[in-house]
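Take the sequences, apply the hints, and build the full model.
2 protein chains.
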Amino acid sequence: MNEGIFKAMSDSTRRKIIELLKEGPKTAGDIANQFPYAQPTISRHLNVLKNANLIIDQKEGNFIIYRLNTTILQEWLGWLFEHFGGGNNDENE
Amino acid sequence: MNEGIFKAMSDSTRRKIIELLKEGPKTAGDIANQFPYAQPTISRHLNVLKNANLIIDQKEGNFIIYRLNTTILQEWLGWLFEHFGGGNNDENE
DNA sequence: TAGCCATTTAGCTATATAGTTAAATAACAT
DNA sequence: ATGTTATTTAACTATATAGCTAAATGGCTA
Numbered sequence: 004m005n006e007g008i009f010k011a012m013s014d015s016t017r018r019k020i021i022e023l024l025k026e027g028p029k030t031a032g033d034i035a036n037q038f039p040y041a042q043p044t045i046s047r048h049l050n051v052l053k054n055a056n057l058i059i060d061q062k063e064g065n066f067i068i069y070r071l072n073t074t075i076l077q078e079w080l081g082w083l084f085e086h087f088g089g090g091n092n093d094e095n096e
Numbered sequence: 004m005n006e007g008i009f010k011a012m013s014d015s016t017r018r019k020i021i022e023l024l025k026e027g028p029k030t031a032g033d034i035a036n037q038f039p040y041a042q043p044t045i046s047r048h049l050n051v052l053k054n055a056n057l058i059i060d061q062k063e064g065n066f067i068i069y070r071l072n073t074t075i076l077q078e079w080l081g082w083l084f085e086h087f088g089g090g091n092n093d094e095n096e
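So the protein sequences, as listed, match chains D and Y.
Numbers given in the working numbering equal positions in the first sequence, counted from 1, plus 3.
Numbers given in the working numbering equal positions in the second sequence, counted from 1, plus 3.
It is worth saying that the hints were derived from the structure and are not from the lab.
Even glycine gets a Cβ: it sits at the ideal position worked out from N, Cα and C.
Heads up, a few of these hints could be off.
[Stated by the list, open to error] If the Cβ cut is set under 10 Å, some of the chain D residues that face chain Y in the computed set are:
| # | residue |
| --- | --- |
| 1 | K10 |
| 2 | M12 |
| 3 | S13 |
| 4 | I21 |
| 5 | P39 |
| 6 | Q77 |
| 7 | L83 |
| 8 | F84 |
| 9 | G89 |
[Said to hold, decoys possible] Ranges between beta-carbon positions, derived for each pair:
| # | chain 1 | residue 1 | chain 2 | residue 2 | range |
| --- | --- | --- | --- | --- | --- |
| 10 | D | Q77 | Y | T30 | 36 to 42 Å |
| 11 | D | E22 | Y | D60 | 16 to 22 Å |
| 12 | D | I67 | Y | F38 | 40 to 46 Å |
| 13 | Y | G64 | D | K19 | 45 to 51 Å |
| 14 | Y | G88 | D | P39 | 26 to 32 Å |
Pasting the structure below:
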């Protein structure tokens, strides 16, 4: 499994970005406005998510529109369940 | 959701420790022997997992036995699915 | 062209963390 | 008491990353 996706998801700002994008595509500016951080800070977070392939960017005139890469997110969740779900460890001792 | 569990799970060595412990309880030494790192390094990883409440330690004579806290892991996976599973973003544009 | 707007990139600081070796702790055995 | 074993804690180094401000990029509009 891609290490990047874990790092990407391990930051709460980035998880909130993901949740925002579940509502639908949004511009970088719209996303940045939801947070108390400077816009370049959010830009870098977006870049981390993009490198992890969790979001897709698309230039639209003067804006950059981001949307979720639902597939990757689903694959990640699936992988997590495969590896860590249904854990039956011995309860003895 | 507890931030610690994300940080804990975002490291591949720690994920391998979790997978090892799915087989059953193991001593700190047994765990350390599975990795090419010095034992104190693994000890600190174990501590991170313990602080995230993902594993439980138990002193057994001269050894410390670690085992999975299956509940927490399951809860985490459940939370992930609630928040990030079933993502239906608009496919338009 | 000039200027504006949206966004990223660059350069910086502060903090966190993975790795190391050496020392401390704690329980057992002699 | 002394030594041995299992493990953690301490002290250090190197690297990564979140935040900032300032500058650069790229597309509009006039």
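(request) Have a go at the I21(D) hint: is there a Cβ in chain Y nearer than 10 Å to its own Cβ? (result) holds, 6 Å
(message) Tell me if the beta carbons of I67(D) and F38(Y) are separated by a distance inside 40 to 46 Å.
(response) Given about 42 Å between the Cβ atoms, the range holds.
(message) For the hint 45 to 51 Å, verify it against the beta carbon of G64(Y) and that of K19(D).
(response) holds, 46 Å
(message) Quick check on S13(D) please, does its C-beta sit within 10 Å of some C-beta on chain Y?
(response) OK, holds: S13(D) within 10 Å of chain Y, min 4 Å.
(request) Using Cβ atoms only, decide whether G89(D) comes closer than 10 Å to chain Y, and label the hint accordingly. (result) This hint holds: G89(D) lies near chain Y, its Cβ roughly 9 Å from the closest one there, short of 10 Å.
(request) Return holds or violated for the Cβ distance of G88(Y) and P39(D) against the range 26 to 32 Å. (result) For P39(D) against G88(Y), whose Cβ atoms are near 28 Å apart, the range 26 to 32 Å holds.
(request) Let me know if the C-beta of L83(D) comes in closer than 10 Å to any C-beta of chain Y, holds or violated. (result) Constraint on L83(D) satisfied, holds at 6 Å.
(request) Let me know if the C-beta of P39(D) comes in closer than 10 Å to any C-beta of chain Y, holds or violated. (result) This hint is violated: P39(D) lies away from chain Y, its Cβ roughly 17 Å from the closest one there, beyond 10 Å.
(message) Can you verify the interface hint for F84(D): is its Cβ closer than 10 Å to any Cβ in chain Y?
(response) Holds. Min distance 6 Å.
(request) Using the beta carbons of E22(D) and D60(Y), state whether their distance is inside 16 to 22 Å or not. (result) Hint violated: Cβ distance 34 Å, outside 16 to 22 Å.
(request) Check the following: the C-beta atoms of Q77(D) and T30(Y) are separated by a distance inside 36 to 42 Å. (result) holds, 37 Å
(request) Have a go at the K10(D) hint: is there a Cβ in chain Y nearer than 10 Å to its own Cβ? (result) holds, 5 Å
Hint violations for this structure: numbers 5, 11, all remaining hints satisfied.
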